[in-house]
Structure formats: structure tokens, C-alpha cells
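Protein chains: 2
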Amino acid sequence: MFREYVALKPEELPRSYYNVLADIPFKLDPPLDPETQEPMSPEKLLRIFPEQLLEQEMSTERYIKIPEPVLREYAVYRPTPLIRAKFLEEYLGTRTKIYYKYEGTSPTGSHKVNTALAQAYYNKISGTKTLVTETGAGQWGSALSYAGAKFGLDVKVFMVKVSYNQKPFRKTLMNIFGGSVVPSPSKLTNFGKNYSDEHPGTLGIAISEAIEVVLSEEGTKYALGSVLNHVLLHQTVIGLEIKEQLKKIGVIPDMVVACHGGGSNFGGTILPFIPDVLQGRKIDLVAVEPESCPSLTKGEFRYDYGDTAGLTPLMKMYTLGKDFVPPAIHAGGLRYHGAAPIVSKLYHERLIKAASVTQEEVFEAAKLFAKLEGIIPAPESAHAIAYVVKKAKDNGKETIVFTLSGHGHFDLNAYQNN
Amino acid sequence: MFREYVALKPEELPRSYYNVLADIPFKLDPPLDPETQEPMSPEKLLRIFPEQLLEQEMSTERYIKIPEPVLREYAVYRPTPLIRAKFLEEYLGTRTKIYYKYEGTSPTGSHKVNTALAQAYYNKISGTKTLVTETGAGQWGSALSYAGAKFGLDVKVFMVKVSYNQKPFRKTLMNIFGGSVVPSPSKLTNFGKNYSDEHPGTLGIAISEAIEVVLSEEGTKYALGSVLNHVLLHQTVIGLEIKEQLKKIGVIPDMVVACHGGGSNFGGTILPFIPDVLQGRKIDLVAVEPESCPSLTKGEFRYDYGDTAGLTPLMKMYTLGKDFVPPAIHAGGLRYHGAAPIVSKLYHERLIKAASVTQEEVFEAAKLFAKLEGIIPAPESAHAIAYVVKKAKDNGKETIVFTLSGHGHFDLNAYQNN
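Listed in order, the protein sequences are those of chains A and B.
With the working numbering as the guide, the letters of the first sequence map in order to residues 4 to 421.
With the working numbering as the guide, the letters of the second sequence map in order to residues 4 to 421.
Incorrect hints may have been included.
Which copy? The list can't say, so a pair holds if one copy fits it or any two copies do.
Capping the alpha-carbon separation at 27 Å, the derived lysine-lysine pairs in DSSO-like fashion look like this [to be verified]:
{"hint": "1", "residue 1": "K370", "residue 2": "K68"}
{"hint": "2", "residue 1": "K89", "residue 2": "K100"}
{"hint": "3", "residue 1": "K319", "residue 2": "K127"}
{"hint": "4", "residue 1": "K400", "residue 2": "K325"}
{"hint": "5", "residue 1": "K12", "residue 2": "K68"}
{"hint": "6", "residue 1": "K12", "residue 2": "K250"}
Derived from the structure by calculation, the hints contain no laboratory data.
In this text, all values refer to a predicted model and were calculated from it rather than measured experimentally.
Kindly generate the complete structure, drawing on both the sequences and the hints.
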């Protein structure tokens, strides 16, 4: 009668992040300096990131200890539950068992807080006063504002203008936690001034603006919510907990699914399963992206900038090109032109899979899930649900686990329009 | 290092509701017929409520079994956690231990779902096709829409106009779950037509409109989200779980606090503690209401109508008068002119206490709580926080438990303005 709800105790929180670079049998291509096209020197990167995060970015140690102050903050909302989607299974009439890892219990409702807290902590101990960042749908900006409040840092957020206008309450949310928010393109930066007032903005432009501010202001560092190795590293708490939870109930999945934008939720979910795949276990690890922004399924694997201005290092990744502007779809997130270098490499080496779904499928699945499972998913997270629904109907898999990376409470405008 | 987070397993869900009427040494005054001013006949009430709910309304059995289909739905989000507010304690520098019961994990983010599911179930098995109700801030309308979707009933909601305009996403939320929403006063009822288009609406007017529809349409019943005995009965799952959780950690509170509007969250929280009080244990049970709608602290204990038109039975309660219109404050909920008869009687007999807080104190406490504890409280629930903060500063109590009846994710407009 009762649902299968796999809880871990606060004491069962992972104590270390898992670094997949220790285990994969190939090296990532190095980031290149945008000025020289030569491998980037760490000194230059220190202008935008604190030392400890750069060390993590390049580390090949298998486990990296989570600092106690960060663990203490994780315990506010972690470990997050793993839940069997029994009502969904029944509705679909499937033989597939479906479990979801729910990250929406976090203070700002998504997995982004996992890395925001770690980044705020490392910045704080290295003397940073202000963190500057960009945000698309607003999940990352909210998460960093919260983390800034927790560790005593000012937070400035450049928010993609189309989202800023569509989601006024995301701004309120950042303000509650003390973050200040500017719609991008803005007139605060030279790069932003290149654009007309009507430009809807892109993540690439917002990143350029944030970095321009960081390079020009003392005591200011940059924080990125996805793509980079250290971000994916912090997110591995998701996958590590999933593995622990599955062990508790004696379940071995044959498919693990997560939505994919820049790669932090997907990487965090699946990286801890890579050793199993390398040892020959048959698990499909599937990144689900929107058809309208298909960096993995339709992009090219090559060096590209992380931003539009070309201020960031060049990274080897699947990309739609730095100038790609996704259509003004409503599902806010998952609009980034590139994929995390780690995810890109794993995909290139065929250790993981990718698929895309349409916006229509996404909102249909989201509403179904809300009615059946009692959680309104973030539109981003609903990409994973849409894919899982299709797969479960096929009955081809025995057990699918997916990450529901956040709730959609701040995205109801998207539901209104879809 | 890790927070004190008291979880119960799904199997530890309460199996019965607790009925305080079995234990209190006095009788409630009966509801009176609005036409005759004589005690209400059950036959007349059957036109608006199904039989089983009426039985519960009048029952004096101590425990009433929770039906299995309702338990199964409770397990989607219950048991809810009891959490020690360690960050808040540290910030306040208090010696008082503060625990909060968090009801915001429910599908629509508040405790209202507890009774919505029970009411939808009993209506379903008695043949109801459509449930009609009113909602103020939107929490009840959302909860009933969700419950209707779960048990296959249509749901029509009259929403107080000022909230309808201030909270557009509450409407979206109800729509996601299939509920239809009309701003009240509306032109759909004779009673609503009495009001100008500019009238902000009140709960009393919305109730009148809902009941007018129920009395004129076949297969249609009314559902109320607070005030009535059976509603408070369903909400006792909150207090029953709290007692179980406190037992697990060996804690005996000397104060239990909840915000008070119509009385469902407050009643649900404190009624299971009444036997302890009757046995002489010293526990302050405190209802916290807004200064701007002070039904307990400033109202009169007398018979009054539940609605503005005078269509409902007269109930003996603390009331500000059926025509009371609270100032257009932003904290949406807790705007009802009366208090639940059970709560009123307990207050009159001095078994419980009441206090009021200002809107300014409420939002200050709410923002503090969000930053420290990582949960954005519903403005309603923040009334309890504001009171607890004051009490904790006094250091007069050893352990305070309060119910955080919901999150404020759908109330960010109120945060924007306060």
C-alpha cells in the first residue's frame, strides 16, 4: 500500500565527491587560451576562479573530501529521496520499474545548490568578497544567491532577459537571499552595450557580461553553474546517493536518465556509474536534451568558446556554435550552446547515450507526473520524464532511474503557456 | 554537525484520525439552522455534504480510521519531517530548542491536502460528481483541485478576487490539476451580482457563492478547507505525527505553536496534545493570528454565520462579524472572520492561548527563516515563526514546536511587496 521511498539519514551523506577523471582511460583535451589558442595557463584562470576550485578542475584524484562547513549546509536538504514512481508505472501499465531521485527539496528547488554551496565556501576561504554569475531560467542565480547568503558573500547575477521578463518571481527569490539581479544584455558592460534593448539575451552573452565585470573589479570572482569539471564534481553527490539508495533496496538499474543542458545534473547523476560501465556492466546512461537546443545529438565535437564574446577559454565539447540562439521556447533552461567537456568526451567515446524530446512531449509528461506523483516538475527535469515515459511504454528495460533535478514552482508561467 | 531531522517511515503514518470531542469535558454548542435558528437538521446538511463527512462532523469516537485509499495518497508526501531549527537557534543565541513540523512537502505545498484528499474520497464513494469550494490565498483551492484529480472529481473554485489578481500562478496551479477557477465576487451567482466589479472579495462572499451553486446543481457538493470539525479531524495527522516524532527523540515540548486562520492547521497541530493538557501537563498551545484579522484575540464568542450571505448554519465561535473585511494586506491567507468552533470552545475554556503578530514582524521572520533554514515559508506559516522568534529571544521555554504549514513558493508576490 505504501510507496517505496528510499531515505538516507543525514549521517549517510557522501563525505567525498567522486572524480571520474581518475577512472576514464583517456585524457580530456586541455582548455585553450582565447588569446593565444595555446593551453590555458592556471595563472590567468586565477583571475576568475579561486585556487581550490582550479585545483579541483584539474585534479585526477578519485575522491575529493567535502569540507565540513559544506556538509553541514548539505544537511539542510540532503540526502535527497529516491522514490518509486508507482502511480506513473500503474498509469502506463508498464513492467518497467521507475525510480526517481528528487533534487527539488533544496532551498531554491533544484540540484544547483549542490555546487553553489561548495563554490561559495571555497571563494569565502580564499578571500573573495563578491561572486558574479549569469543565469538562464534562474535556477543557478537563485542557488548562488542562497549560497552567498550562507557564506557571507555578495552575489551579482546577469539574468538572460527573456527569462527575466517571463519569471519575475525568480528575481524576488534571488532578492530574498540578498542577490542582486540585472537583465542581460545590460548597459553595465561594454559587451552588453553591443546589443539592442529588444535582444532576448542568451546564456553566452550573460557569461560574457559576468566575466567582463569580474576582470574589471577587485575581490570579485566568477561562478559557473554547469559545464566545468569542478561543477560536475560537486554534483556527483546526486549519483553517489543514488547508488547508496539502490544498494539499500538491492536494485541494479539497466538505465539511468537525466536531462542535459550544460551537463551538471546529467554528469552529477551518471558519473558515479561510469566505473560500472567500464567494468562491463550493461547500463544505458542517457542524456535527454530539447530538440530545439540539441548540443549532443546535433552538435559538433570541437573547440569552442563558453561564451559569446570569446572571453572564456576554448573548450573541446559538443557545441552548436557560440552564437547559437535557441528559439524563444518557454521551457527556460537547457538553452546552452555547448555540453560539458567531460560529458562531451564520454559521449564521443560512446560510454553514454543522448536523446532529444519535443517541448510538447515535455509538458505533457510534466502535467501527467504532477497529477500522478504529486510533484510539479521543473520544465528542464521534465525532459527526463518525457523520455522515461516513452521507454517505459516500450517495456524494454527492467529498471530505470532518473533524476528529477528540480520542482517547477517558479516556472508556472511556462505551464500556463504549454 | 548534521541537523536533527526526525523522519518517520511511510509505514509509520497514523492509521486513524484523533477526535478531540471524545476527550473534552464539555459539549460544543450545536450549529443552528439559518432559517429557524433551531439546531440544524442533518437532512438539510446532506444537501451540501456527503453522509460520511457529516457523521465525522458529529462523531464523538476517539479514533476514526483513515481509509486505505486515503492512506495510499497520504504516502505520496507523508509522514512529513520534524526538523530542529538549529541555524535559527544559533542566530538568535537562544537556549530554547526549536523544532518545526514541515507540511510544505505536500503536492500543493501546504497542509490543506490532508483534508482535501479525505473529503474528495468520501465524496467520490458517495456519488458526488463535482466539488465546489472557495479559496482565499489559493492554498485550499489548489489542494482540492489536486485531490479531485486523484479521485476523479470535477472541482470548481471561487477565489477571493484580490488574491486571484495578486497570485495568477495559483490559478495555473489549480488548472494543472484540472480545477476551474472563478474570481469572487462573480456574476455567476445571484449573491455575487450584489457586488461591484471593484469589490476585492472576502472568504465569506466566496463561501456564499459556492454554496449557492451547490444548492442549485445536482451531483454537486460543497467542500470547506477549515473551520468545521471534520476538517480539523483530518488535520490531526499533523499533531499525531509530531507526538510520534517527539517520542522518538525523547523530547517533551513546553510550547506548541501554529498560525491560525480558520483553525485547521492550528487544530490539526494541537488537538492531539489536548489529552496531555487535560491530564495536567504544562504545555502552552498557542494560536498565532494576524493583528489585522484577530478573530480569537479581539473577536466575540457568539453564534455567527460562516459566510456573508447567511446561507451557512450559524456556529458558536469567536468572530469579528460575518461582514468583517480585513484590510487588503498582502499576506493573503488568515483573512477569515471566524474561528473553528472547536478551537473557539477550547480557547473559551482556557485550554489554549492566542496571540497576534504584525505583518512587518511576519515578513522579517519569514526572510530570516528562509536564509537560515533554507525554506521559504508561506506568509501564513510565518506568523508562527514570528511568534516563536520572540519567545525564543525571551529564553522562557525549554522546547518549542511549531508547524510550518506550507512553503511560500506561490506567494513570492507578497515577498516582493514586504
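Within a copy, between copies, both or neither: where do K12 and K68 come within 27 Å Cα-Cα? within (19 Å within a copy, 30 Å between copies)
When no copy is named, should K370 and K68 be tagged within, between, both, or neither for a Cα gap of at most 27 Å? So K370 and K68 fail the 27 Å test inside a copy (39 Å) and across (32 Å) alike.
Checking K319 and K127: alpha-carbon separation at most 27 Å within a copy, between copies, both or neither? Neither way: K319 and K127 sit 30 Å apart in one copy and 58 Å across, limit 27 Å.
State whether the alpha carbon distance between K400 and K325 is at most 27 Å within one copy, between copies, both, or neither. neither (37 Å within a copy, 60 Å between copies)
What label fits K12 with K250 when the C-alpha limit is 27 Å: within, between, both, or neither? The answer is both: 14 Å in one copy and 18 Å across copies each meet 27 Å.
Given a CA cutoff of 27 Å, do K89 and K100 count as a within-copy pair, a between-copy pair, both, or neither? within (8 Å within a copy, 38 Å between copies)
The structure fails hints 1, 3, 4 (numbered hints given earlier, in ascending order).
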